[in-house]
Amino acid sequence: GIQVEQSPPDLILQEGANSTLRCNFSDSVNNLQWFHQNPWGQLINLFYIPSGTKQNGRLSATTVATERYSLLYISSSQTTDSGVYFCAVERGETSGSRLTFGEGTQLTVNP
Amino acid sequence: DTGVSQDPRHKITKRGQNVTFRCDPISEHNRLYWYRQTLGQGPEFLTYFQNEAQLEKSRLLSDRFSAERPKGSFSTLEIQRTEQGDSAMYLCASSLASYQETQYFGPGTRLLVL
Numbered sequence: 003g004i005q006v007e008q009s010p011p012d013l014i015l016q017e018g019a020n021s022t023l024r025c026n027f028s029d030s031v032n033n034l035q036w037f038h039q040n041p042w043g044q045l046i047n048l049f050y051i052p053s054g055t056k057q058n059g060r061l062s063a064t065t066v067a068t069e070r071y072s073l074l075y076i077s078s079s080q081t082t083d084s085g086v087y088f089c090a091v092e093r094g095e096t097s098g099s100r101l102t103f104g105e106g107t108q109l110t111v112n113p
Numbered sequence: 002d003t004g005v006s007q008d009p010r011h012k013i014t015k016r017g018q019n020v021t022f023r024c025d026p027i028s029e030h031n032r033l034y035w036y037r038q039t040l041g042q043g044p045e046f047l048t049y050f051q052n053e054a055q056l057e058k059s060r061l062l063s064d065r066f067s068a069e070r071p072k073g074s075f076s077t078l079e080i081q082r083t084e085q086g087d088s089a090m091y092l093c094a095s096s097l098a099s100y101q102e103t104q105y106f107g108p109g110t111r112l113l114v115l
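If you're matching them up, the sequences are chains A and B in order. Using our numbering, the letters of the first sequence correspond one by one to residues 3 to 113. Using our numbering, the letters of the second sequence correspond one by one to residues 2 to 115.
Heads up, none of these hints are tricks.
Some chain B residues near chain A, calculated using beta-carbon distances under 7 Å:
{"no.": "1", "residue": "43"}
{"no.": "2", "residue": "46"}
{"no.": "3", "residue": "90"}
With the C-beta cut set under 10 Å, the calculated list includes, among others, these residues of chain B facing chain A:
{"no.": "4", "residue": "34"}
{"no.": "5", "residue": "36"}
{"no.": "6", "residue": "38"}
{"no.": "7", "residue": "41"}
{"no.": "8", "residue": "44"}
{"no.": "9", "residue": "47"}
{"no.": "10", "residue": "56"}
{"no.": "11", "residue": "57"}
{"no.": "12", "residue": "92"}
{"no.": "13", "residue": "94"}
It is worth saying that the hints were derived from the structure and are not from the lab. Computed from a predicted structure; not experimentally measured. Glycine included, every Cβ here is placed at the ideal spot set by N, Cα and C.
Build the full structure now, drawing on both the sequences and the hints.
Here it is, written out as structure tokens:
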């Protein structure tokens with residue numbers, strides 16, 4: 003099956019710092035989503051981004067499908083950004099199948 | 002739009018007991034997914050429905066696991082003869098079949114098998 007690798011596994015920041023999280027995947031995908039998992043376990047959708055660039059407030063994401071990676075940028079980090087960030091991909095050319103998740107990046111933002 | 006809901010949120014059971022979880026998807030979504038997440042790992046796919054048809058099952062879904070979506074709306078996931086290794090967060094997601102299909106997750110059911 004498709005492999006998804008996220009880096010770094012852990013990241014500790016001071017409030018106000020910027021960060022970049024990376025997701026590499028081993029095959030072509032038709033779906034790539036970034037999620038933030040809060041301390042209660044809820045997965046919160048951040049981006050649907052199989053290709054291109056999107057921005058939402060302090061967060062932005064870029065996927066370069068031809069090179070099989072995606073980046074999540076967090077600017078001016080806040081303590082509420084803490085949690086685990088997951089990249090998940092769906093393999094293939096048509097929608098409607100399983101998402102394969104990476105192991106996540108554990109982000110801690112200190113005040 | 003009320004989002005995906007799951008019930009119960011927490012379940013503690015003894016080894017060998019049967020448990021059943023329920024998932025209510027976003028109302029217009031025709032696809033429903035179950036995932037399992039253990040501590041420190043990303044969620045892993047278990048099974049997927051389109052309307053009432055179960056279209057894909059992971060090899061993680063042993064014979065003790067069964068999932069149904071009888072009327073194409075809510076779904077249930079049953080685990081028979083639970084084992085300690087079944088302790089995990091069970092997540093449900095739903096989506097609307099479309100060109101840019103996004104899966105939305107519920108809050109999960111946290112299972113502890115003693």
